[in-house]
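Colleague: The chain contents come next:
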Amino acid sequence: MANIQGKTNAGQASFSSIGRSIPRVEARAKVTGRAEYVHNLRLPGMLYGKVHRSTLAHGRIRSIDTSAARAMPGVYAVYTAADIMKLVPDPHYGPAFHDQPVLAIDKVRHVGEPVALVLAADIHVAEAAAQSIIVDYEELPAVFDEIEAMTSKAVVHEVLKPAGTFPDLKHLKDKRDTNIALDFRLRRGDAQKAFAEADHVFEHTFRTQQVLHVPLEPFVTVADPQPNRLDIHTASQSPSFVRIEIARLLGWPESRVRVRVPYLGGGFGAKLYIKIEALTAIAALLAGRPVKIALTMEEQFYQITKHAATLRIKSAVTRDGKITARECEVWWNGGAYADIGPRVTQKSGFTAPGPYDIDHVAIDSYALYTNLPAAGALRGFGIPQLVWGYESHTDMIARALNIDPLAFRRKNILKNGRPQATGTIMQDAGIEKVLERLAERMQWEKPFDHGQGSIRRGRGMAIGFKASISPTTSVAIVNISADGSVMVYCGTVDMGQGSDTAMAQFAAEALGVPVETVTVVHPDTDVTPYDMATLGSRSTYHMGHAVKLAAEDARDKLMQLAQEVGLSAETAPIPDIFRKKYGMQAGNVVGVGSYIPTYASPDAQGQTTNATPFWMIGATGAEVEVDTETGEFKITRLVNLVDVGRPVNPAIVETQISGATLMQLGFTLYERMDFDAGQCTNASLADYKIPGIRDVPAVMENEAVDMVQQSGPFGAKGVGESGTFGVSPAIASAIDDAVGVRLTGLPLTAEAVYRGLRANAGKPLED
Amino acid sequence: MTTHRTIEFTLNGRPVSAQVGNHHNLVEVLQDQGLFGARESCAQGLCGCCTVIVDGKAVSGCLTLAPLIDGADVRTVEEPRGEHGLDAVQQAFIETGAFQCGFCTPGFVLMTRQLLDAHPNPSDDEIRHYLSGNLCRCATYPEVIKAVHLAANKRKTAGKD
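Residue numbers (this note's numbering), protein chains in the order written: chain D, 1 to 767; chain R, 768 to 928.
Only chain D is shown next, with the shape it has when bound in the complex (with noise of 0.2 Å):
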């Protein structure tokens, strides 16, 4: 048994884990099909819930035949808004916006919304009585383009409904006729000025695609009825927050919902705030009965997705380079319902201008309603979509100046001690160092094989940064056991991130005992205290805090139990010091951690002192061949590049470094969201194509650059986004680099780069 290490060596523990490539703690139980998951989950009496969805993007209801739902035998319930609103008189929710209903009010917003819910004892049935419903719309305008959204008639929500938690919504309450969820604006320095200065001016406008995020375990809860609480079990990135939303819209106490999420079978972003757990929570009390909702592959289609997004950028460039002054206009498609975007809109819209020092810069970035299923977070919030434009951009500019890309990235890159766009001073960034180590493996100043023929070979590079969402709070628990085994409570949900086997990590090296001896219990708000929500890369960092302050309150006090029975407490075995207290093996010690980082809120022009508490940094460079004949493309090497701070578990690291890149993939290559009148014509996996073993490129690279975030626990910070960041414009500019075709919009593929072979050959295709 371990002894308890004093407070300064704990960091060279003789048990160090950190740094580490332990197996996950879940190992065993994933690879034998035991591991957890609600999917598995079956209750006693419990009701299958199936949803009608509307067939409609924009309509007024003027009527709902449940009849015929209600007469099919087995059928236990049907429900529409209208019995919703007996228990809950209001009942819309959302992060940002209270703008989503539980089941549809009055009209429908986008296609599959939720119009009636039909529970029974038997799946099928609930189907089938689900199908039997009839509803009849009053078709209504719909928009659904971003730009378009700007200036609409057709406006989605009559009048918006801020949520009341983040203060730059609120002059937004009450307002009517208008798409517009939220306008940030950044001005720093007098852009307009040096534009007019400038020596080049530079402006493109990029566009991304509709995408989601599939997590191959669908959404799903089950909520039971318990006297006088209420149980949930869902499949959550935020137990913390589903708590207190379905807790506000009862009018209850938080301590009378409980929320539960065991392992996820992938989330992404897409299970993140509140989704179908309030219609879940809501059926099951009218039932009285447990109630499961777990969509269809196809369903998900519609329940969340990842912004389409249009980007014009310009730059003002001197002669020999420099970029003086750059502008940027976001409009970020949101779909009906704001869920997180607003947070998109500001979070990411203040590293629109990338990571160059830039001393002039104007920044506007637009959440748009539209007719199209919601759009929220998916790994990247939003950055991704910004990568794509300004690292386009950036090469487009040094082609057209004839200046090597990666020494024009060097001339500007944005470097510690300089100012961002926020006027927040960079810290253990590690951008430079990630651009000189990518520049390092892709070989970037020897000469390259260009190829010949037909078959024309070409590489890019392209690097992105994103800020921590700020400022958000976890709480932890660490409890140690009179054998000396250990627990953690936590809020954070592990998705496939490894969060578990990190949490603990940190534990067992805040404490100084063998990994093996914690274990990791899993969100339930009956036991595991508040976490904000497992969201862009912040569990390393703040729960990682959290867990190592609990850890060390424990460690305090258990020496403190030492040294009040008289044991040493360097040297005694943990067993000895309880069993010298209560007599036996018996007692508890608890610690308690809590963490907030420190934050500045921005000022009107965008500014602040502390806009996070740590920077992520991605690259890629992708070489490809391209096929003149065809427009086929094949990658053939991808070399990704990250600053994760000091790596926990590095051989996790580097899958969550590939992990993110393949799925960027995905988005740059295939995936695209088709609709028609707002009706997405290929939402099955059949039509909708996620990356699979082969399209992995024949040769891929990952590394975590020689890092450390001084103000992270052990050095750490957050990983799982940082790969998707440069993927979509390096190819991009590979493909450019081959065959001299730039492609401006998203996803990239074989049609789109012939019909720029033709074009630029004086043969364009028709249309």
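Treat the hints as calculated values from the structure; they're not laboratory data. It should be emphasised that the depicted structure is a prediction, and the values quoted were computed from it without experimental measurement. We put the beta carbon where it would ideally sit given N, CA and C, even for glycine. Please note that the accuracy of each hint is not assured.
As the list claims (entries may be wrong) - Below, in silico cross-link-like pairs of lysine-lysine (DSS-like), each with a Cα-Cα straight-line distance of 30 Å or less:
hint, chain 1, residue 1, chain 2, residue 2
1, R, K913, D, K689
2, D, K634, R, K913
3, D, K415, D, K322
4, D, K193, D, K415
5, D, K446, D, K322
6, D, K689, R, K824
7, R, K824, R, K923
8, D, K193, D, K411
9, D, K173, D, K86
Unchecked claim - Here are some chain R residues the structure puts well away from chain D; computed CB gaps all over 10 Å:
hint, residue
10, F776
11, T777
12, R781
13, G823
14, V826
15, P834
16, L835
17, D884
18, A885
19, H886
20, N888
21, S890
22, A919
23, K921
24, R922
Chain D is already provided as a structure; the job is to place chain R on it using the hints.
Modeller: Structure of chain R alone, referenced to chain D:
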């Protein structure tokens, strides 16, 4: 709307019987038996999450109608294998970290066993070809390829298990 019948089959080596509807699929039958390792995800036989071994062949549980497994030999990822309940493939997946969220992992484990039964020493190309019907949204593919090679080596040194 439904017709029910009793079927009998062998599940992970033990005889079982089940009441099934004609419209039920194999994943639902397994869930009724308390086994959740085969998971319905895409419901189109495209993702491999619901892989089950029926009479020695990998099938998509979501596309296999329950009445059709009457009399069959059905094996799932939960079947205990190897000395400590883990076979060479499962051990190799753990050692190489070849999964993240784990939802697709049972399908990969079962397909890797099939691959190694047919090709004890597969090339990267053979691995990619054989596992192309298994999707992993966490994209743990590079690690899966490493795991398959490691499992092949483990099988060779330990004798097939």
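Colleague: Does K322(D) sit within 30 Å of K415(D), going by the straight-line distance between their CA atoms?
Modeller: Given that 30 Å is the threshold and the Cα spacing comes to 15 Å, the pair holds.
Colleague: Are all C-beta atoms of chain D more than 10 Å from that of F776(R)?
Modeller: holds (18 Å)
Colleague: Is the Cβ of H886(R) farther than 10 Å from every Cβ of chain D?
Modeller: The claim holds: H886(R) sits with its nearest Cβ about 15 Å from chain D, beyond 10 Å.
Colleague: Compute the least Cβ-Cβ separation between K921(R) and chain D, then decide whether it is above 10 Å.
Modeller: For K921(R), whose nearest Cβ neighbour in chain D is about 14 Å away, the distance exceeds 10 Å, so it holds.
Colleague: Can we trust that G823(R) is non-interface, i.e. its beta-carbon lies farther than 10 Å from all of chain D?
Modeller: holds (19 Å)
Colleague: Are K634(D) and K913(R) close enough, with their CA atoms no more than 30 Å apart?
Modeller: holds (22 Å)
Colleague: Given the hint that K446(D) pairs with K322(D), does the C-alpha gap stay at or below 30 Å?
Modeller: holds (24 Å)
Colleague: Check the non-interface label on R922(R): least C-beta distance to chain D beyond 10 Å or not.
Modeller: holds (16 Å)
Colleague: Taking the closest pair, is the beta carbon of L835(R) still more than 10 Å from chain D?
Modeller: It holds; L835(R) is separated from chain D by about 18 Å at its closest Cβ, greater than 10 Å.
Colleague: Does V826(R) sit more than 10 Å from chain D, CB to CB?
Modeller: Consistent with the label, V826(R) stays out of reach of chain D, its closest Cβ about 16 Å off (over 10 Å).
Colleague: Need the status of pair K173(D), K86(D): alpha-carbon distance at most 30 Å?
Modeller: This hinted pair holds, its Cα atoms lying about 26 Å apart.
Colleague: Does K824(R) lie within 30 Å of K689(D) when you go C-alpha to C-alpha?
Modeller: holds (26 Å)
The structure fails none of the hints (numbered hints given earlier).
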